[in-house]
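Going line by line, the protein sequences match chains A and B.
According to the working numbering, the residues represented by the first sequence are 281 to 612, in order.
According to the working numbering, the residues represented by the second sequence are 281 to 612, in order.
It cannot be assumed that every hint is accurate.
One copy or two, either will do: identical chains are not told apart, so a pair holds if it fits within one copy or between any two.
Claimed, not checked - With a straight-line Cα cutoff of 20 Å, these simulated EDC-like cross-link-like pairs (lysine to aspartate or glutamate) come out:
1) Lys400 to Glu608
2) Lys347 to Glu320
3) Lys465 to Glu430
4) Lys471 to Asp348
5) Lys296 to Asp329
6) Lys325 to Glu608
7) Lys482 to Glu610
8) Lys492 to Asp292
9) Lys465 to Glu346
10) Lys525 to Asp496
11) Lys521 to Asp496
12) Lys428 to Glu468
13) Lys412 to Glu517
14) Lys347 to Glu490
15) Lys358 to Glu322
16) Lys347 to Glu462
17) Lys471 to Glu426
18) Lys283 to Glu370
19) Lys283 to Glu313
20) Lys358 to Asp598
21) Lys492 to Glu517
22) Lys465 to Asp348
23) Lys525 to Glu490
24) Lys465 to Glu478
25) Lys283 to Asp598
26) Lys482 to Glu472
27) Lys347 to Asp292
28) Lys528 to Asp496
29) Lys444 to Asp348
What the hints contain is simulated information worked out from the structure, not anything from laboratory work.
No experiment lies behind these values; they were computed from the predicted model shown.
Number of protein chains: 2
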Amino acid sequence: MIKIAIDAMGGDYAPKEQVEGSMKAVKMIDDIELTLYGDETEIRKYLTDETRIHIVQSDGVISMGEKDPIGAIRGNRKSSMALALSSVRENENDAVVSSGATQALIAGAHILVGRMKQMKRTAIAPLIPNVKGTSTIILDAGGNLEIKPEFMVQQAYFATVYSKEVLGVENPRIGLLNIGTEPGKGRELDKEVSLLFEANDKINFVGNVEPKDILDPPCDILISDGFTMNIAMKTIEGTAKGMGKILKTELKKGILGKLGMLLSARNLKNFKYRMASDEIGGAMIYGLRGVVVKAQGSSKSNGFYNGIRQAATIVRNDVVNKVQAILESEVL
Amino acid sequence: MIKIAIDAMGGDYAPKEQVEGSMKAVKMIDDIELTLYGDETEIRKYLTDETRIHIVQSDGVISMGEKDPIGAIRGNRKSSMALALSSVRENENDAVVSSGATQALIAGAHILVGRMKQMKRTAIAPLIPNVKGTSTIILDAGGNLEIKPEFMVQQAYFATVYSKEVLGVENPRIGLLNIGTEPGKGRELDKEVSLLFEANDKINFVGNVEPKDILDPPCDILISDGFTMNIAMKTIEGTAKGMGKILKTELKKGILGKLGMLLSARNLKNFKYRMASDEIGGAMIYGLRGVVVKAQGSSKSNGFYNGIRQAATIVRNDVVNKVQAILESEVL
Numbered sequence: 281m282i283k284i285a286i287d288a289m290g291g292d293y294a295p296k297e298q299v300e301g302s303m304k305a306v307k308m309i310d311d312i313e314l315t316l317y318g319d320e321t322e323i324r325k326y327l328t329d330e331t332r333i334h335i336v337q338s339d340g341v342i343s344m345g346e347k348d349p350i351g352a353i354r355g356n357r358k359s360s361m362a363l364a365l366s367s368v369r370e371n372e373n374d375a376v377v378s379s380g381a382t383q384a385l386i387a388g389a390h391i392l393v394g395r396m397k398q399m400k401r402t403a404i405a406p407l408i409p410n411v412k413g414t415s416t417i418i419l420d421a422g423g424n425l426e427i428k429p430e431f432m433v434q435q436a437y438f439a440t441v442y443s444k445e446v447l448g449v450e451n452p453r454i455g456l457l458n459i460g461t462e463p464g465k466g467r468e469l470d471k472e473v474s475l476l477f478e479a480n481d482k483i484n485f486v487g488n489v490e491p492k493d494i495l496d497p498p499c500d501i502l503i504s505d506g507f508t509m510n511i512a513m514k515t516i517e518g519t520a521k522g523m524g525k526i527l528k529t530e531l532k533k534g535i536l537g538k539l540g541m542l543l544s545a546r547n548l549k550n551f552k553y554r555m556a557s558d559e560i561g562g563a564m565i566y567g568l569r570g571v572v573v574k575a576q577g578s579s580k581s582n583g584f585y586n587g588i589r590q591a592a593t594i595v596r597n598d599v600v601n602k603v604q605a606i607l608e609s610e611v612l
Numbered sequence: 281m282i283k284i285a286i287d288a289m290g291g292d293y294a295p296k297e298q299v300e301g302s303m304k305a306v307k308m309i310d311d312i313e314l315t316l317y318g319d320e321t322e323i324r325k326y327l328t329d330e331t332r333i334h335i336v337q338s339d340g341v342i343s344m345g346e347k348d349p350i351g352a353i354r355g356n357r358k359s360s361m362a363l364a365l366s367s368v369r370e371n372e373n374d375a376v377v378s379s380g381a382t383q384a385l386i387a388g389a390h391i392l393v394g395r396m397k398q399m400k401r402t403a404i405a406p407l408i409p410n411v412k413g414t415s416t417i418i419l420d421a422g423g424n425l426e427i428k429p430e431f432m433v434q435q436a437y438f439a440t441v442y443s444k445e446v447l448g449v450e451n452p453r454i455g456l457l458n459i460g461t462e463p464g465k466g467r468e469l470d471k472e473v474s475l476l477f478e479a480n481d482k483i484n485f486v487g488n489v490e491p492k493d494i495l496d497p498p499c500d501i502l503i504s505d506g507f508t509m510n511i512a513m514k515t516i517e518g519t520a521k522g523m524g525k526i527l528k529t530e531l532k533k534g535i536l537g538k539l540g541m542l543l544s545a546r547n548l549k550n551f552k553y554r555m556a557s558d559e560i561g562g563a564m565i566y567g568l569r570g571v572v573v574k575a576q577g578s579s580k581s582n583g584f585y586n587g588i589r590q591a592a593t594i595v596r597n598d599v600v601n602k603v604q605a606i607l608e609s610e611v612l
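Please model the entire structure based on the sequences and the hints provided.
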C-alpha cells in the first residue's frame with residue numbers, strides 16, 4: 281500500500297474539495313491509503329465513505345495568503361500542513377498532497393521533510409498544458425530566484441527521471457527558456473547552463489526555446505531560474521485572462537454575434553477547461569527526502585484527485601531513489 | 281516641416297507596405313516631409329504620389345534574420361537602414377522609421393546616430409495593447425540583458441517624458457514587473473530598483489506589478505531588465521498563439537459550434553485585430569541623439585503609417601531635448 285498524507289485544510293475550498301477528491305482517489309486507485317490531517321468535525325461533514333481513509337486531528341491553519349511562511353510553519357507545528365509533512369519524515373506516509381499556500385509548503389517541506397543530501401537546491405515544477413494536448417514540465421517555478429548553473433543540472437536530472445517515470449516519456453527533451461534560439465543567447469547564467477547541459481550525456485538538451493513557443497515547445501521539460509520562470513508562468517496567466525476579457529467583449533457585439541456566442545457557449549466552456557490546469561494535477565517539489573505534491577490553491581475535487589494520483593505514481597515508480605542514485609554516482 | 285527618413289527596404293513586406301504607409305502619412309499629417317531610402321526602381325513600382333516624398337538610392341540590404349548585426353551595419357554603409365540612420369546624425373532628417381531587423385537597427389543607431397551624452401544605456405520600448413483599450417509602454421524589450429539599477433532610473437525618466445508628450449498621459453505611473461506585489465519581492469536588482477524609484481520624486485512609482493496583470497496593469501509604463509521583459513513579451517505572443525490554436529479547434533466542434541463560429545466570424549476577426557499591435561505603432565529606441573522608431577517587421581501599410589505618425593509626434597513635442605534637460609539637471 282502507498283500511504284499518502286492529505287493536508288485537508290489547505291486550499292481555497294478546503295476541506296470540502298479535498299475530502300471529495302480523496303474519496304474519488306481511493307475509489308479509482310487500488311494501492312493507496314490516505315490519512316487526512318485536519319479538523320475532524322469539518323472533514324466528517326463531507327466524508328461519506330471511509331474506505332482506506334483515516335483522519336488525524338490538527339490544530340491551527342496556515343492561511344492561504346501567509347506573508348511569513350517560515351514563521352507560520354514554525355508557529356503552527358500542529359497545523360494540518362505541518363502534521364502531514366512531519367508524517368513523511370517519520371515514515372508514517374510516503375507522500376504529501378496539499379493545496380495550501382505555496383511558499384509555506386516549500387518552507388515547511390524544507391524544515392519538516394528535509395532536502396536530499398546531494399541536492400543543492402529544491403525546485404517546484406508544475407505541469408502546463410500544451411497545444412499537442414500533453415503537458416510540459418516547468419522548472420523552476422519560483423523556488424530559487426537566483427541560482428548557480430551547476431544546481432540547474434541537478435534539477436534537470438530530477439525532471440528527466442520524473443518525465444520518464446511519471447509521464448512515460450522515453451527520452452525526455454530539455455529546453456532552456458531563452459530570448460533567442462541561437463546558441464550563445466541570453467545572460468551569463470543562460471550561456472553557462474547551455475554549456476553544462478550540452479556536455480552532459482545524462483541530459484537530452486535540445487537547446488534554447490523561445491517563450492513564443494511556450495504552449496507548443498519542442499521539448500518535454502522547460503527550464504530556467506525561478507524568477508524568469510515565474511514571470512513566464514504569470515504572463516501566461518495574465519495573457520489568458522486579458523485575452524479572455526477582450527474575447528468576451530468582442531464576441532458579444534451585435535445580434536449575430538450574441539447568437540453566435542450562444543451557440544458557441546459549450547465550446548467556449550471546453551476551451552476554458554482546456555486552458556485550466558486543474559485537469560493536469562499538481563506541482564512536485566523536487567529535491568526533498570520525500571514526495572511533496574502541491575495541488576493548485578483553487579483545486580476542486582477533480583484537480584485534487586489528480587494531485588493524489590500523481591503522488592501515488594511518483595511513489596510507485598520510486599522517483600526519489602532513482603534521482604538519489606544519479607546524484608550519488610556524480611559524487612564518486 | 282518635420283523631416284523623417286524612411287528605411288524603405290526593411291521589413292517582411294518591403295518596400296510595398298513602407299511606400300504605401302508613407303503616402304498615407306503625408307496625406308494624413310500636414311507638417312511632415314519624407315525621404316525614402318531604398319531601391320528607386322522598386323520604390324517607384326508602388327509610389328503613385330510624390331507629394332513631400334523624396335527618394336535616395338541605397339545599395340545593399342540588411343537581411344531580416346541578420347545574425348551579426350554590428351557586422352551587417354559596418355559592412356553595409358550604403359544600405360537603406362544605414363543611410364537613413366546617418367541622415368539623422370547629419371541633421372538632414374529629424375527621425376528614422378524602420379521595420380528592419382531589430383538588433384541591426386539598435387546596433388546601427390548606436391554606431392550611426394549615437395547615444396545621448398548623459399544616457400548610460402539605450403533601451404527599446406514598444407507599446408502593447410491593454411484591456412482598457414489604451415496602450416502600455418514596455419521597457420526594456422531586449423536592449424540590456426543585464427543592467428544596473430541607476431541606468432533603469434534614466435530609462436524611467438525617458439518613458440515618463442514619452443508617456444506625457446506622445447501619449448498625453450498627465451502623470452504617468454511606473455510599475456516594476458515582478459513576481460509579487462509586496463515591497464521587497466524579487467531579485468537583488470528588483471529590490472534596489474524599487475528603492476531608487478521610491479526615493480525619486482521625478483518618478484511616479486506605483487510599486488511591483490505581477491505579470492498576471494500584464495494586459496490590465498495598474499500603470500502606464502511597465503519596466504524591467506531587457507532579459508525579463510523580452511521573456512514576458514514573447515510569452516504574451518506564445519500564449520496568444522497557443523490559445524488561438526486551441527480556441528479554433530474547440531470552437532469548430534459540433535454543428536452548433538460551427539454555426540456559432542460562422543456567426544461570430546466578424547467578432548473573432550475584431551478580436552484578432554485588437555490583439556495585433558499593428559494598430560499601435562512602433563517601438564522607440566530611448567537614449568539616442570535622434571529619434572529612431574522601430575515598426576514591426578511584419579508591418580503592413582497601416583502599421584508603418586502609425587510608426588511615422590509616432591515619430592512625427594516625438595519630434596513635434598521635442599521629447600529628446602526634454603529628457604536631455606532632466607539628465608543634465610541630475611548631473612549638476
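Each hint, compared with the structure:
Proximity of lysine 400 to glutamate 608 under the C-alpha cut-off of 20 Å is restricted to the intra-copy arrangement: shortest distance 13 Å within a copy versus 48 Å between copies. Within a single copy, lysine 347 and glutamate 320 get their C-alpha atoms no closer than 27 Å, and across copies no closer than 64 Å, so neither meets the 20 Å cut-off. In this assembly of identical chains, lysine 465 and glutamate 430 lie within 20 Å of each other by CA distance solely inside one copy; the values are 19 Å within and 25 Å between copies. In this assembly of identical chains, lysine 471 and aspartate 348 lie within 20 Å of each other by CA distance solely across copies; the values are 18 Å between and 35 Å within a copy.
Taking the closest pair of Cα atoms, lysine 296 and aspartate 329 come within 20 Å of each other only inside a single copy of the chain (14 Å); across copies the shortest separation is 71 Å, beyond that limit. Proximity of lysine 325 to glutamate 608 under the C-alpha cut-off of 20 Å is found in neither arrangement, the shortest distances being 47 Å within a copy and 69 Å between copies. Taking the shortest alpha-carbon separations for lysine 482 and glutamate 610, only the intra-copy value of 11 Å comes in at or below 20 Å, while the best inter-copy value is 54 Å. In this assembly of identical chains, the alpha carbons of lysine 492 and aspartate 292 lie at most 20 Å apart only when taken from different copies (19 Å versus 32 Å within one copy).
Taking the closest pair of Cα atoms, lysine 465 and glutamate 346 come within 20 Å of each other only across two copies (14 Å); inside a single copy the shortest separation is 38 Å, beyond that limit. Taking identical chains as interchangeable, the C-alpha atoms of lysine 525 and aspartate 496 lie at most 20 Å apart only when they sit on different chains, with a minimum of 10 Å there against 23 Å within one chain. Proximity of lysine 521 and aspartate 496 under a CA criterion of 20 Å is satisfied in both settings, with 19 Å inside one chain copy and 9 Å between copies. For a Cα distance limit of 20 Å, the shortest separation of lysine 428 from glutamate 468 qualifies both inside one copy, at 11 Å, and across copies, at 15 Å.
Taking CA atoms no more than 20 Å apart as the test, lysine 412 paired with glutamate 517 passes in both settings, with 19 Å inside one copy and 18 Å between copies. In this homomeric assembly, lysine 347 and glutamate 490 come within 20 Å of each other (Cα to Cα) only across copies, at 16 Å, whereas the closest approach inside a single copy is 33 Å. Taking CA atoms no more than 20 Å apart as the test, lysine 358 paired with glutamate 322 passes inside one copy only; the shortest distance there is 16 Å, against 77 Å between copies. Proximity of lysine 347 to glutamate 462 under the C-alpha cut-off of 20 Å is restricted to the inter-copy arrangement: shortest distance 9 Å between copies versus 40 Å within a copy.
In this assembly of identical chains, lysine 471 and glutamate 426 lie within 20 Å of each other by CA distance both inside one copy and across copies; the values are 15 Å within and 13 Å between. In this assembly of identical chains, the alpha carbons of lysine 283 and glutamate 370 lie at most 20 Å apart only when taken from the same copy (12 Å versus 76 Å across copies). Taking the closest pair of Cα atoms, lysine 283 and glutamate 313 come within 20 Å of each other only inside a single copy of the chain (5 Å); across copies the shortest separation is 77 Å, beyond that limit. In this assembly of identical chains, the alpha carbons of lysine 358 and aspartate 598 never lie at most 20 Å apart, being 29 Å within a copy and 64 Å across copies at closest.
For the homomeric pair lysine 492 and glutamate 517, the shortest alpha-carbon distances inside one copy (14 Å) and between copies (5 Å) are both at most 20 Å. In the homo-oligomer, the alpha carbons of lysine 465 and aspartate 348 lie at most 20 Å apart only across protomers (13 Å), although the nearest pairing inside one protomer, at 37 Å, exceeds that limit. With identical chains, the CA atoms of lysine 525 and glutamate 490 are at most 20 Å apart between copies only, with a shortest distance of 18 Å across copies and 26 Å within one. In this homomeric assembly, lysine 465 and glutamate 478 come within 20 Å of each other (Cα to Cα) only inside a single copy, at 14 Å, whereas the closest approach across copies is 33 Å.
For a Cα distance limit of 20 Å, the shortest separation of lysine 283 from aspartate 598 inside one copy, 13 Å, qualifies, whereas the shortest one across copies, 70 Å, does not. Within a single copy, lysine 482 and glutamate 472 get their C-alpha atoms as close as 17 Å, which meets the 20 Å cut-off; across copies the closest is 38 Å, which misses it. Proximity of lysine 347 to aspartate 292 under the C-alpha cut-off of 20 Å is restricted to the intra-copy arrangement: shortest distance 16 Å within a copy versus 49 Å between copies. Proximity of lysine 528 to aspartate 496 under the C-alpha cut-off of 20 Å is restricted to the inter-copy arrangement: shortest distance 15 Å between copies versus 24 Å within a copy.
Proximity of lysine 444 and aspartate 348 under a CA criterion of 20 Å is satisfied in neither setting, with 36 Å inside one chain copy and 39 Å between copies.
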